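A.B. asks: Below are the chains, spelled out letter by letter.
Protein chains: 2
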Amino acid sequence: MSNLYAVVMAGGVGSRFWPRSRERFPKQFLEIFGLGTMIQNTISRIEPLVPAMNTFVVTNALHVDAVKSQLPFLPSENVLVEPVGRNTAPCVGIAAQWIEKIDPEGVMIVLPADHLISNVPEFLRLLTLASRVAVDTNALLTIGIHPTHPETGFGYIQFDDMPDVNPFLKEGVYRVKTFAEKPTRDTAELFLKSGDFLWNSGMFVWKASAILKEIAQNLPELSAQLAAIEPAVGTPSYQSAVDRAYGVIRSISIDYGVMEKASNVFVVRGDFGWSDVGSWDEVVRLTPTDSFGNSLRGAVFTKEVNGSYIDAGKKFVAALGVDDLIIISTDDAVLVCPKGRSQEVKEIVDFLRRKQINELL
Amino acid sequence: MSNLYAVVMAGGVGSRFWPRSRERFPKQFLEIFGLGTMIQNTISRIEPLVPAMNTFVVTNALHVDAVKSQLPFLPSENVLVEPVGRNTAPCVGIAAQWIEKIDPEGVMIVLPADHLISNVPEFLRLLTLASRVAVDTNALLTIGIHPTHPETGFGYIQFDDMPDVNPFLKEGVYRVKTFAEKPTRDTAELFLKSGDFLWNSGMFVWKASAILKEIAQNLPELSAQLAAIEPAVGTPSYQSAVDRAYGVIRSISIDYGVMEKASNVFVVRGDFGWSDVGSWDEVVRLTPTDSFGNSLRGAVFTKEVNGSYIDAGKKFVAALGVDDLIIISTDDAVLVCPKGRSQEVKEIVDFLRRKQINELL
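Chains as they are written, first to last, in this note's numbering: chain A, 1 to 361; chain B, 1 to 361.
One chain only, chain A, in its complex shape (with noise of 0.2 Å):
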């Protein structure tokens, strides 16, 4: 079997879970769940089939040293950067350019640097089961989450159940009929009420080369791009090479720009306690409660608190006398919502931006 390469994607600069993500240390740095931060416990996770050697992060330039520090083992050029984000497209070009110069027939397992997951030997399993089938087939493969409710925070994709020759179907890995786009309520429910749509997680399994040819074919631009930089590949000249590149490379998604577009495109159907954990909500309900169903971290004072969520960060929280609130305690700044709204965390982050209070960002 071919070797196997890791590429965690962890440009987010994600706005949601301030005041502890900010834009220089966003959600993949934190150390939300228990030890270990997001980005580490990705890398992590996916050890047991990919050695570090073979892992490698694509991070903004704003963000390189928190990943060095954090990922101290990782081989200091399998950091790839991007001067400014162009959402993942390019992304997973640099990468796969990168992987197929080293090993033509490497495949790529490509993974969010922030999402939870939570039956990891399934997780595993899957990623196991996919790669096998991008060596067999050279296919592109989407790992799909079965969804549980009609949520409209994520794209879907939508699946072919009919028997066909794919001869991976009955190891619940399907062709892909479409995707879609990030639905409406209504939408969301008659996704969810069909049965053969899947919650796209963002994460993908195939050969460079593959993804490569995928890209030339269908997106030339970033690949004539990509070709400018593939000389420098592994030499000094490379960030610049990258930097250059990026000055005229659009911003667009390998969703929208490949995936929807391309023909050999599988799903694997899974479900492995997946979370993209999008917002202190999703924190709240993740975490274990105590007897009052509070979560606290840190050094939390409680009287007559109940269903709460507290992160002291390094002080001191006092509550006495709350239900169901949300707090967040950083250096700099505190936040208090009740439960079920944090999605609004972002119209903070948004009025601070406006407001150019550029130390709270």
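No lab work stands behind these hints, which were simulated from the structure alone.
The model shown is predicted, which means the values in this text are computed figures rather than measured ones.
Hints are not guaranteed to be accurate.
If several chains are the same, the list does not tell them apart, and a pair holds so long as it fits within one copy or across any two.
What the hints assert, rightly or not - In silico SDA-like cross-links for lysine to any residue, where the CA-CA straight-line distance does not exceed 25 Å: (1) Lys346 <-> Gly321; (2) Lys177 <-> Gly247; (3) Lys355 <-> Arg297; (4) Lys101 <-> Asp290; (5) Lys355 <-> Gly234; (6) Lys177 <-> Lys261; (7) Lys303 <-> Arg354; (8) Lys355 <-> Ser295; (9) Lys355 <-> Asn306; (10) Lys303 <-> Asp331.
Given the coordinates of chain A, work out where chain B should sit on it, guided by the hints.
C.D. replies: The following block gives chain B in isolation, referenced to the frame of chain A:
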């Protein structure tokens, strides 16, 4: 008329304004209402009657630095330092002794450092009246506050409104019948209904010589210790004399030790927007609100927040979707509690004390 002196009692170590108040930085040193700390406002309020050189502050050794830095215009020898708090009688005693030594006819106005008074002209009018009575009669005067509700947190003063030989009756200066300790709720309601009970504000007016005479009569032990200090007043050995005396002086209030026993005691009935500002709830009640019923101090973001008091300290506080909360943020701690429950803040301080988390006390 005799010279007027002010004695500001700043020995409080109140814990009710945690997390803003700390053992080393109690309420009187906090800027709670608009500009100026409570002790600064106490002193500037009385300035039209008493110049700084006649103003004394009695404080604990812990707080000398705070007093001197907040009141730089005060002559350094006017800051009398108690090595330990021994309630109000010793505090009044050493101040009276000092004043009598520099001005045997001096009249002293005793004021707590941490009260709020909104109608200053009326307050000054009553102090002037009380001073005149003190000079004319050698009496002890206390300022009683017209009660507005059956408060159980204050002592009460019952006054005698029968026509008598008291020539000041028509000016609102009554003989005192009894001093009553903090009552139960039922008793407080009886007091309020009776119409002849006032709140004991802890403010007094008397000649230094008159109160010293009463101390000699009613608190002979304290008087003996004051006598031991007396030769040192105004000399370099004053502090060590005080420190020595405080080693044996016992803790007793001027109300209990003297006022309840003395015979020539009057109460000036006052109504000048007084508050002892005993809790965050009292601060909330006394602070102007915006059109959402909120009082916001410092850098605060709100969305759909109503009826709340938020003090961000030097941090940024973002609140969304909460009502009627008190949120106090300081450098190292955050308090979140609903309006109406700030009395329980004491329990947080008790907890910190029990756990010996001294850096937060």
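A.B. asks: So, for every hint listed, does it hold in this structure?
C.D. replies: Structure-based check of all given hints:
Proximity of lysine 346 and glycine 321 under a CA criterion of 25 Å is satisfied inter-copy only: 14 Å between copies versus 27 Å inside one chain copy. Neither within a single protomer nor between protomers do lysine 177 and glycine 247 lie at most 25 Å apart by alpha-carbon distance, with minima of 35 Å and 88 Å respectively. In this assembly of identical chains, lysine 355 and arginine 297 lie within 25 Å of each other by CA distance solely across copies; the values are 18 Å between and 31 Å within a copy. Neither within a single protomer nor between protomers do lysine 101 and aspartate 290 lie at most 25 Å apart by alpha-carbon distance, with minima of 51 Å and 64 Å respectively.
In this homomeric assembly, lysine 355 and glycine 234 never come within 25 Å of each other (Cα to Cα): the closest approach is 42 Å inside a single copy and 57 Å across copies. Within a single copy, lysine 177 and lysine 261 get their C-alpha atoms as close as 11 Å, which meets the 25 Å cut-off; across copies the closest is 95 Å, which misses it. In this homomeric assembly, lysine 303 and arginine 354 come within 25 Å of each other (Cα to Cα) only across copies, at 15 Å, whereas the closest approach inside a single copy is 38 Å. In this assembly of identical chains, lysine 355 and serine 295 lie within 25 Å of each other by CA distance solely across copies; the values are 21 Å between and 33 Å within a copy.
When the C-alpha separation of lysine 355 and asparagine 306 is checked against a cutoff of 25 Å, the pair qualifies only between copies, where the shortest distance is 23 Å, while the shortest distance within a copy is 35 Å. Proximity of lysine 303 to aspartate 331 under the C-alpha cut-off of 25 Å is found in both arrangements, the shortest distances being 24 Å within a copy and 22 Å between copies.
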